[in-house]
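Novice: Residue-level listing of the chains:
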Amino acid sequence: MKTRLMMKMMALSLAALVGGSMVGCKKKSSAIPGPGPGTEIGAVPAVPVEPGGLPPRIGTPGERYQPPRLAADTVYFAFDSAVINPSERPKLDDMAAYMRENPGQIITVEGHCDERGTAEYNRALGERRALACREYLMGAGIDGNKLQTISYGKDRPADPGHGEEAWAKNRRGEFIITSR
Amino acid sequence: MNKRGLWSFLFLCAATSVVWAATAPAITIRKGMPEKINIAIEPFGGDPAAAQEIASVLATDLVRSDWFNYMAPANAELVVRGAVSGNVLNGALYSRGSAQPLLQKSCVGDGVSRRSIAHQMADEIVRNIVRAPGIAQTKITFSANSGGSNKEIYVMDYDGANLRRVTNDRNLAVRPRWGPNRRTLAFTSYRSGWPDIYLMMDYTTGVAQRRAAFPGLNTGGAISPDGKRMALVLSKDGNPELYVMDLASGSLTRLTRTRQAESSPCWSPDGSQICFVSDRFGQPQLFVIPAGGGQDRRITFGGYKSEPDWAPWSLSPDLPDLCYVSRMGRQFQVCSMNLRTGEERVLTADGADNEDPTWAPDGRHIVFSKSVSHRASLYILDAFTGRAIELNPNLRVLGDCTTPAWSR
Numbered sequence: 001m002k003t004r005l006m007m008k009m010m011a012l013s014l015a016a017l018v019g020g021s022m023v024g025c026k027k028k029s030s031a032i033p034g035p036g037p038g039t040e041i042g043a044v045p046a047v048p049v050e051p052g053g054l055p056p057r058i059g060t061p062g063e064r065y066q067p068p069r070l071a072a073d074t075v076y077f078a079f080d081s082a083v084i085n086p087s088e089r090p091k092l093d094d095m096a097a098y099m100r101e102n103p104g105q106i107i108t109v110e111g112h113c114d115e116r117g118t119a120e121y122n123r124a125l126g127e128r129r130a131l132a133c134r135e136y137l138m139g140a141g142i143d144g145n146k147l148q149t150i151s152y153g154k155d156r157p158a159d160p161g162h163g164e165e166a167w168a169k170n171r172r173g174e175f176i177i178t179s180r
Numbered sequence: 001m002n003k004r005g006l007w008s009f010l011f012l013c014a015a016t017s018v019v020w021a022a023t024a025p026a027i028t029i030r031k032g033m034p035e036k037i038n039i040a041i042e043p044f045g046g047d048p049a050a051a052q053e054i055a056s057v058l059a060t061d062l063v064r065s066d067w068f069n070y071m072a073p074a075n076a077e078l079v080v081r082g083a084v085s086g087n088v089l090n091g092a093l094y095s096r097g098s099a100q101p102l103l104q105k106s107c108v109g110d111g112v113s114r115r116s117i118a119h120q121m122a123d124e125i126v127r128n129i130v131r132a133p134g135i136a137q138t139k140i141t142f143s144a145n146s147g148g149s150n151k152e153i154y155v156m157d158y159d160g161a162n163l164r165r166v167t168n169d170r171n172l173a174v175r176p177r178w179g180p181n182r183r184t185l186a187f188t189s190y191r192s193g194w195p196d197i198y199l200m201m202d203y204t205t206g207v208a209q210r211r212a213a214f215p216g217l218n219t220g221g222a223i224s225p226d227g228k229r230m231a232l233v234l235s236k237d238g239n240p241e242l243y244v245m246d247l248a249s250g251s252l253t254r255l256t257r258t259r260q261a262e263s264s265p266c267w268s269p270d271g272s273q274i275c276f277v278s279d280r281f282g283q284p285q286l287f288v289i290p291a292g293g294g295q296d297r298r299i300t301f302g303g304y305k306s307e308p309d310w311a312p313w314s315l316s317p318d319l320p321d322l323c324y325v326s327r328m329g330r331q332f333q334v335c336s337m338n339l340r341t342g343e344e345r346v347l348t349a350d351g352a353d354n355e356d357p358t359w360a361p362d363g364r365h366i367v368f369s370k371s372v373s374h375r376a377s378l379y380i381l382d383a384f385t386g387r388a389i390e391l392n393p394n395l396r397v398l399g400d401c402t403t404p405a406w407s408r
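Note that the protein sequences, when read in sequence, are chains A and B.
Residue numbering for the first sequence follows this note's numbering, starting at 1 and increasing by one per position.
Residue numbering for the second sequence follows this note's numbering, starting at 1 and increasing by one per position.
Hints listed in this document are in silico derivations from the structure and should not be mistaken for laboratory results.
Check the hints yourself; a few may be wrong.
Estimated spans, in silico, between C-beta atoms of each pair [claimed, not checked]:
no.: 1; chain 1: A; residue 1: Gly104; chain 2: B; residue 2: Trp313; range: 50 to 60 Å
no.: 2; chain 1: B; residue 1: Arg330; chain 2: A; residue 2: Pro160; range: 11 to 21 Å
no.: 3; chain 1: B; residue 1: Glu35; chain 2: A; residue 2: Pro160; range: 40 to 50 Å
no.: 4; chain 1: B; residue 1: Asn150; chain 2: A; residue 2: Pro33; range: 12 to 22 Å
no.: 5; chain 1: A; residue 1: Pro68; chain 2: B; residue 2: Thr341; range: 52 to 62 Å
Since this is a predicted model, take the numbers as computed values, not measurements.
Note that CB positions come from ideal geometry on N, CA and C, so glycine has one too.
Whenever a hint applies, use it, and build me the whole structure from the sequences.
Specialist: Structure, rendered in structure tokens:
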């Protein structure tokens with residue numbers, strides 16, 4: 001509700017902006033001009049993945065299903081690091097056990113960063129974190145075809161705060177059930 | 001800056017100008033800086049409202065170019081005169097006291113706004129007097145969150161006018177980059193749920209083609225200066241690596257092979273090399289690699305260096321080629337480097353986080369994202385003087401404005 005109100009206020013101020021001083025042309029629109037959703041053409045050419053590469057995508061990662069056991073297995077990282085800290089290994093071992101108990105499930109590993117890195121480098125670092133979790137689980141005997149990765153960089157913080165406490169919660173790898 | 005180098009270059013500039021038009025004032029330099037030329041605009045003839053608007057935009061353009069001081073005609077070395085007729089400005093530039101024009105130009109409007117007429121005249125003056133590419137007709141694209149958690153891509157004129165949203169992805173649409181024209185954009189969007197790279201051949205249509213949608217991460221799309229290739233970062237082979245895609249065939253060439261993260265590619269102006277970020281030695285550093293593949297070369301040593309952009313043009317070989325972000329203390333600052341001499345300069349030094357710099361086509365201005373109290377807005381930096389100004393305070397209604405890119 002709060003968000004909707006904010007969006008409304010935002011839209012109003014946008015209208016004021018476009019009608020006002022910033023855009024020097026004729027007043028003809030009540031919002032910033034732009035396209036409708038999902039305008040898209042063309043198909044992606046198939047390029048093979050090298051040996052040791054990632055499995056084909058399954059499901060839509062935006063639809064998050066994360067039971068409490070998986071939430072508790074969230075792995076945390078040191079600043080600017082994608083190395084699995086020894087303190088995080090029991091969580092990954094529990095994830096390996098979970099995946100052995102639920103062999104039909106596909107798991108998506110989400111990699112995230114704190115706000116102190118630059119945006120685009122953080123997107124790569126987040127992917128490295130997700131891949132580090134995947135590699136650990138494969139080392140524990142889990143089939144890599146059941147583990148896919150996605151990075152959100154610093155765009156999806158768990159804690160919106162700006163101190164060390166928030167940053168520590170945001171440098172993480174999360175496990176999501178993609179298909180049951 | 002190597003003063004002698006710039007001196008001789010500017011002397012050459014001056015000499016050329018003298019041959020071309022004996023009365024044109026030349027740029028002189030004092031304390032290593034090109035000195036601004038005093039310029040004035042006499043009231044244009046024609047429809048008073050149109051004439052006044054065009055003159056006002058032109059004056060702002062000349063000031064924003066940073067090559068000129070705008071002043072009253074009595075004190076100016078250069079005077080712009082002209083007459084507006086319908087959608088056209090017939091403009092001319094004179095040296096003070098001379099009846100012989102230094103340049104004459106008919107500037108025809110784009111039919112959208114009169115601002116484009118003034119922008120043409122401004123670029124013509126910069127091109128003829130400074131012999132530098134003008135920036136008045138350029139566009140800037142960026143990503144903004146409108147106060148929420150999703151981000152969309154926007155395009156506007158370089159001064160913030162004619163703002164337009166170009167995506168409606170209702171997810172994360174980030175890091176837009178321009179093709180060689182002022183129409184094509186490459187960007188990363190999570191509109192499918194996954195991070196994929198899209199191309200918009202013409203941003204005014206809003207029609208996007210998905211060009212990279214491999215398993216894992218697809219990001220960092222950067223179109224080559226000839227528009228035929230795209231550098232990108234993919235993790236499909238098990239790790240975020242740097243690739244080049246041939247845009248006609250979609251075929252990929254893998255350029256790096258590491259166990260660490262590669263990111264943020266940009267092209268050299270001749271399209272032969274790519275500068276990118278790798279954290280293979282710990283914290284992220286900048287590297288340069290031949291665009292066709294080969295041995296990469298580390299160019300920064302120590303600290304946290306990220307998000308490079310390569311100047312498309314330079315007034316002199318002694319000026320910076322690269323701008324990038326460096327962590328200094330607890331803050332990010334915009335820095336520059338001359339690749340030939342290795343000289344690095346810190347261009348911002350305040351208590352804010354200054355990130356995501358990209359060059360204007362004049363090799364002088366940089367647009368970047370400044371975060372103060374965790375609110376990000378766009379700033380324009382003059383890399384010659386270090387002076388930074390907020391691009392347009394009206395953009396604040398879009399929330400956090402990040403990952404800007406300046407059209408070429």
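Novice: Now look at each hint and say whether the structure bears it out.
Specialist: Taking the hints in turn, this is what the structure says about them:
The supplied range of 50 to 60 Å is met by glycine 104(A) and tryptophan 313(B), whose beta-carbon atoms lie about 58 Å from each other. Between arginine 330(B) and proline 160(A), the C-beta spacing of about 19 Å keeps the proposed range 11 to 21 Å intact. Distance hint check: the CB atoms of glutamate 35(B) and proline 160(A) are about 48 Å apart, consistent with the given range 40 to 50 Å. The hint said 12 to 22 Å for the Cβ distance between asparagine 150(B) and proline 33(A), and at roughly 19 Å that hint holds.
Distance hint for proline 68(A) and threonine 341(B): a CB-CB separation of about 58 Å, consistent with the stated range 52 to 62 Å.
The structure meets every hint from the earlier list without exception.
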